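Build out the structure end to end from the sequences listed, making use of the hints.
Okay, here's what each chain looks like letter by letter:
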Amino acid sequence: MSTESEEMQQRLKAAVHFTAGRLCQKVGEEHRRSFSRQVIAAIAETAFRQSDIFARDLEAFARHAKRSTVSPDDVKLLARRSTALSIYIQNKSEELNQEQKNLKKKNTGKRKSRDTEDESRE
Amino acid sequence: MAEREADIGFKKELVKKLLSSSFRDDDTKIGENAARLMAEMLKIFVQEAAERSQKQADSEGCDQVDIEHFEKILPQLLLDF
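If you're matching them up, the sequences are chains R and C in order. The numbering of the first sequence is UniProt numbering, which starts it at 1 and goes up by one. The numbering of the second sequence is UniProt numbering, which starts it at 1 and goes up by one.
Keep in mind that the hints were calculated from the coordinates and are not lab data. Among the hints, a few may not be true.
The calculated lysine to aspartate or glutamate pairs, modelled on EDC-like cross-linking and capped at a C-alpha distance of 20 Å, are [claimed, not checked]:
#, chain 1, residue 1, chain 2, residue 2
1, C, K16, R, D52
2, C, K16, R, E45
3, R, K26, C, D58
4, R, K66, C, D26
5, R, K66, C, D27
6, C, K12, R, D52
7, C, K16, R, D57
As the structure is a prediction and not an experimental result, all values here were calculated from the model.
Right, here's the structure in full:
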């Protein structure tokens with residue numbers, strides 16, 4: 001194993017630890033309870049290893065659909081084990097699609113108005 | 001930091017790198033929306049771990065959530081994801 005990729009893994013782990021720590025802190029504040037440093041480290045480590053399992057599942061799903069790019073449909077399939085999670089992810093996916101549709105509309109609208117501006121200037 | 005609380009979560013770029021480093025095939029890529037959804041998945045995973053550990057600490061009457069509380073909820077957590 002090259003030290004370079006090991007270093008990369010360490011950096012990714014540190015980034016996961018950082019976000020996990022902030023999320024735990026927020027939950028703790030809501031319930032007026034503190035999280036020990038060890039439990040935050042354990043949760044971060046678990047999330048890091050779980051992401052490895054997620055990644056391998058996603059890759060297999062994409063491959064099964066004869067794709068080389070992981071799509072939102074693969075993520076939906078990943079969330080199949082829990083009904084609530086599955087519904088949540090599906091809603092989130094639709095939300096993202098809707099957002100992007102609106103963004104596109106806005107951009108084309110802007111472009112049009114700019115076009116007409118140019119025309120009127122000419 | 002006065003950052004909006006609701007915005008705590010995993011960055012899309014981090015999720016991309018994290019997942020890409022675990023792919024067996026170098027040709028496998030991840031789409032933008034898929035990465036955003038995965039960021040959400042990981043956030044839920046951590047939140048769920050924190051909430052359940054907190055509950056466990058509560059039932060034992062502890063003020064601080066410690067590793068023993070997390071250990072107790074870990075098996076079910078892993079079965080749910």
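Checked hints:
1. Note on C/K16 and R/D52: the hinted pairing holds, with a Cα-Cα distance of about 12 Å set against a maximum of 20 Å.
2. With a C-alpha separation of about 18 Å, the suggested pair C/K16 and R/E45 falls inside the 20 Å cut-off, and the hint holds.
3. Our distance criterion of 20 Å between C-alpha atoms is met by R/K26 and C/D58, whose separation comes to about 16 Å.
4. Distance restraint check for R/K66 and C/D26: the Cα-Cα separation of roughly 15 Å lies within the 20 Å cut-off, and the hinted pair is therefore satisfied.
5. Taken as a hint, the R/K66 and C/D27 pair is honoured in the structure, with Cα atoms around 13 Å apart against an allowance of 20 Å.
6. Distance restraint check for C/K12 and R/D52: the Cα-Cα separation of roughly 16 Å lies within the 20 Å cut-off, and the hinted pair is therefore satisfied.
7. Annotation: proposed proximity of C/K16 to R/D57 holds, straight-line Cα distance about 15 Å (limit 20 Å).
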